[in-house]
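In order, the protein sequences belong to chains L and G. The numbers in the numbering used here rise by one with no breaks, and the one at position 53 of the first sequence is 53. The numbers in the numbering used here rise by one with no breaks, and the one at position 109 of the second sequence is 109.
Quick caveat, the hints were computed from the structure, so don't treat them as lab data. These numbers come from a predicted model, not from an experiment. Treat each hint with caution, since some may be false.
[As the list claims (entries may be wrong)] Straight-line Cα separation of at most 25 Å, BS3-like style, residue types lysine-lysine; simulated pairs:
#1 L:77 / G:153
#2 G:115 / G:153
#3 L:84 / G:153
#4 L:147 / L:212
#5 L:79 / G:153
#6 L:284 / L:270
#7 L:147 / G:199
#8 L:79 / G:199
#9 L:237 / L:284
#10 L:102 / G:61
#11 L:165 / L:290
#12 G:66 / L:77
#13 L:102 / G:199
#14 G:277 / G:240
#15 G:66 / G:115
#16 L:77 / G:115
#17 L:77 / L:102
#18 L:237 / L:205
#19 L:79 / L:147
#20 G:153 / G:54
#21 L:290 / L:161
#22 L:2 / L:212
#23 L:77 / G:61
#24 L:147 / L:2
#25 L:284 / L:212
#26 L:2 / L:284
#27 G:115 / G:61
#28 G:54 / L:205
#29 L:79 / G:61
#30 G:54 / G:115
#31 L:77 / L:90
#32 L:284 / L:165
#33 L:205 / L:284
#34 L:290 / L:2
#35 L:79 / G:54
#36 L:212 / G:54
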Amino acid sequence: MKEIVIISGKGGTGKTSITGCFAALAENAVLADCDVDAADLHMLLAPQVIETTDFISGHQAVIREDDCTACGVCMEKCKFNAIKLTEEGKCRVEPYSCEGCKVCVQVCPVNAIDFPESLCGEWYFSHTRFGPMVHAKLGIGQENSGKLVSTVRREAAARAKELDKDLVIVDGPPGIGCPVIASITGASLLVVVTEPTISGKHDMKRVLELAKHFSIPALVIVNKWDINPEMTREIEKDTVAGGAHPAGRIPYDRSFTVAQINGRTLVEEKTGPAVENITTIWEKVWQTIK
Amino acid sequence: MRIAVASGKGGTGKTTVAVALTLASQEPVVYADCDVEEPNGSIFLRPEVDRVEKVLVEVPKIDESKCNACGDCARFCQFNALVSFNTPPLVFPDLCHSCGGCELVCPTGAISWRKVPIGEISLGTSDGGRISVIQGKLDVGGSLAPPVIRQVKTYLTDDVFTVVDSPPGTSCPVIESLGEADYVLLVTEATPFGLHDLKLAVETVRELGTPFSVVINRFDEGDSGVEDYCASEKIHIMVKIPHRREMAEAYSRGGNLFDAIPELLDIFRSIPERIEKGVGV
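The task is simple: from the sequences and hints, build the whole structure.
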C-alpha cells in the first residue's frame with residue numbers, strides 16, 4: 001500500500017482543492033484529512049459519517065479548590081505559567097495554558113490536584129462518493145494535534161488494508177511543525193502545492209528541507225503559475241536544487257472557487273483551464289509511486 | 001495597544017493585513033511575527049536585522065554514574081520523551097516539553113539540564129527605525145512552535161502599538177500568540193472554506209474572551225456566506241478588501257496592499273482609532 005501526502009508549507013495555495021481532485025481521479029484509494037486543526041476536505045467530499053470515535057489524549061490538571069491551601073508550590077513549579085491565583089485566594093489551572101505535564105500533581109503537598117484524561121477531539125470513518133475517508137476534528141486550543149494526525153493516518157492505513165485498497169491520499173496541514181511532521185514521516189511520496197510568490201517560494205524551500213530531513217521523495221506543483229511566470233521558473237529551479245521534481249503547473253482559475261461553492265471538486269465540474277493540467281499531474285503522481 | 005491578526009484558514013491574507021496595519025501606522029509600531037513555522041512578514045517589511053538570538057529549550061541530561069536505572073523518570077514523563085528498559089533512560093529531545101518533571105521524581109539526582117536550539121528570533125527595524133520587526137522562526141525539523149512564540153512575546157511591551165501576526169488554525173500555537181492581545185482581527189476570504197474556518201476561529205476567540213472583528217479578503221470573488229454569517233452573529237466587519245489581480249501580482253513580488261490598492265491606506269490608518277472607540281467589541 002502506498003501513501004501520498006499533499007502539503008504546502010504556506011496556507012491557501014490550493015492544497016485541499018487539489019487533494020479533492022486527486023480523490024476524484026484515484027481509482028482505489030482511502031482518503032484522509034490530516035489538517036485536523038482546520039479541516040476543509042469534507043466540504044468537497046461530503047462524507048457520510050459511519051463511525052465516530054472520541055480522541056482522548058494526554059491529561060489535564062484540575063485543582064479541587066476546597067482542598068487547596070493556596071501554598072503556591074504548584075504555581076512555582078509550573079513551567080507553563082498555567083496556574084493563577086483566583087480572587088478567592090485559591091490556585092486555579094488555566095486549561096489553555098496547561099500542557100498536562102503532571103508536575104503540579106506531583107508537588108502538591110495536600111494532593112488537591114486531579115489529573116483526568118482529556119478529550120481533545122474526535123475522529124470519523126466515513127463513506128464518500130470517491131471511497132472511504134478518515135477525518136477528524138481537534139477541539140479548540142487543544143494540544144496533541146500531532147497525535148490526532150497519527151491516529152487518522154493509522155486508521156486510514158488500517159482501513160485500506162482491510163478494504164483491499166492500494167493507496168491512501170492524505171490532505172496534510174500547513175506549516176512545518178509538529179502536525180506536519182506527524183503527517184509525513186514514513187509516507188511514500190509528498191506532493192507539495194505552492195504558488196509563485198516570495199512567500200510561497202520561501203515556504204516551499206522549508207518544506208523540501210523537511211522532506212530531505214525525513215528522506216521522503218517529493219513532487220512540486222506550482223498553482224496559479226501565471227500570476228508570476230518568472231517566479232514560477234525560479235521555484236521550479238529551487239525544486240530541483242532541493243532534491244525534488246516539478247510535477248507541473250496549474251493556471252489561476254476562478255473555477256476552483258466556483259467548484260468549492262458548489263461543494264464539488266474541479267474534476268467533476270469539468271470547467272475552466274485547470275482541469276486538464278490537474279489530470280496530467282495526477283497521471284504523473286500515480287506513475288511516480290505505482 | 002496590541003492587535004493580533006489571525007485566521008482559521010491559511011492563505012487568506014493574514015500577513016497582508018498585518019503588514020498593511022503596520023505600514024499604515026503613523027506612530028512607532030512593533031510587528032511581531034508569531035507565525036514561526038512560516039514567518040513571512042519580513043518579505044514585505046524588509047527590516048535591517050540588528051540581532052539574531054537562538055531560542056533554546058532545556059532538555060534532560062542524565063548523569064549515568066548517578067542513575068540507578070529505576071525508570072521513574074520515564075514512567076513520569078507524559079510526553080514519552082524518556083524511555084528506560086531497566087537502563088539509564090534514552091532522551092528524545094524533540095518530544096520534551098521542558099516541564100522539569102523527570103528531575104523532580106529522580107531519586108538519585110541524576111538529572112540536570114542542557115540547552116538545545118529549536119529556532120531563532122531576529123530583531124530589526126524598517127522605515128528608518130519607525131517599525132520594529134521581531135520575527136520568530138522554528139528550525140526545520142523542530143516540532144514545538146509555542147516556546148518560540150513565547151520568546152517572541154518576551155520582547156513585546158504594552159506602551160507601543162504592536163501588531164502580532166499569528167499562525168493559522170486554532171490549536172496551541174494560535175492560543176499562545178493570541179494571549180495578552182487587546183484585540184483580534186480575523187482575516188478570512190469569501191469562500192466556503194474561508195467561512196468554515198472563520199467559524200472555528202470565532203469560536204476560539206470567543207473562548208478567550210478577546211474583542212474581535214473580521215476582515216474579508218477578496219470579498220467579491222466567492223459567495224456571500226461570510227457576510228451573511230457575520231450579520232447573523234452580529235460580528236463587525238472591519239474592512240472588505242476587493243479581489244484584484246494586481247494585488248496577487250504585487251504580493252508575488254513582495255509588494256504590499258497599498259501598492260496595489262492605495263485607497264485602502266486611509267481605511268487601515270483608521271483601524272486602531274476605531275478599535276479604541278469600541279467598534280466590534
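Hints and how they fare:
1. L:77 / G:153: 21 Å, holds
2. G:115 / G:153: The given pair, whose Cα atoms are some 20 Å apart, holds under the 25 Å limit.
3. L:84 / G:153: 19 Å, holds
4. L:147 / L:212: 22 Å, holds
5. L:79 / G:153: Within the cut-off at roughly 16 Å; holds.
6. L:284 / L:270: 20 Å, holds
7. L:147 / G:199: Roughly 24 Å between the alpha carbons, so the hint for residue 147 (chain L) and residue 199 (chain G) holds.
8. L:79 / G:199: Given pair residue 79 (chain L), residue 199 (chain G) is violated - Cα atoms ~32 Å apart, limit 25 Å.
9. L:237 / L:284: 19 Å, holds
10. L:102 / G:61: Holds, at about 20 Å.
11. L:165 / L:290: With Cα atoms ~13 Å apart, residue 165 (chain L) and residue 290 (chain L) stay inside 25 Å; holds.
12. G:66 / L:77: 24 Å, holds
13. L:102 / G:199: 33 Å, violated
14. G:277 / G:240: Given that 25 Å is the threshold and the Cα spacing comes to 20 Å, the pair holds.
15. G:66 / G:115: 20 Å, holds
16. L:77 / G:115: 19 Å, holds
17. L:77 / L:102: Between residue 77 (chain L) and residue 102 (chain L) the Cα gap is close to 11 Å, so the pair holds against 25 Å.
18. L:237 / L:205: 11 Å, holds
19. L:79 / L:147: 22 Å, holds
20. G:153 / G:54: Holds. Residue 153 (chain G) to residue 54 (chain G) sits at ~14 Å (cutoff 25 Å).
21. L:290 / L:161: 16 Å, holds
22. L:2 / L:212: 19 Å, holds
23. L:77 / G:61: The hint holds at about 19 Å.
24. L:147 / L:2: Measuring from Cα to Cα gives roughly 21 Å; hence the hint holds.
25. L:284 / L:212: 21 Å, holds
26. L:2 / L:284: The given pair, whose Cα atoms are some 15 Å apart, holds under the 25 Å limit.
27. G:115 / G:61: Holds: residue 115 (chain G) and residue 61 (chain G) sit about 9 Å apart, inside 25 Å.
28. G:54 / L:205: 21 Å, holds
29. L:79 / G:61: 18 Å, holds
30. G:54 / G:115: Given pair residue 54 (chain G), residue 115 (chain G) holds - Cα atoms ~11 Å apart, limit 25 Å.
31. L:77 / L:90: 16 Å, holds
32. L:284 / L:165: Holds: residue 284 (chain L) and residue 165 (chain L) sit about 20 Å apart, inside 25 Å.
33. L:205 / L:284: OK: residue 205 (chain L) and residue 284 (chain L) at ~22 Å, within 25 Å.
34. L:290 / L:2: 8 Å, holds
35. L:79 / G:54: OK: residue 79 (chain L) and residue 54 (chain G) at ~19 Å, within 25 Å.
36. L:212 / G:54: Satisfied, since the Cα-Cα distance of roughly 23 Å is no more than 25 Å.
Checked against the numbered hints given earlier, the structure breaks hints 8, 13 and satisfies all the rest.
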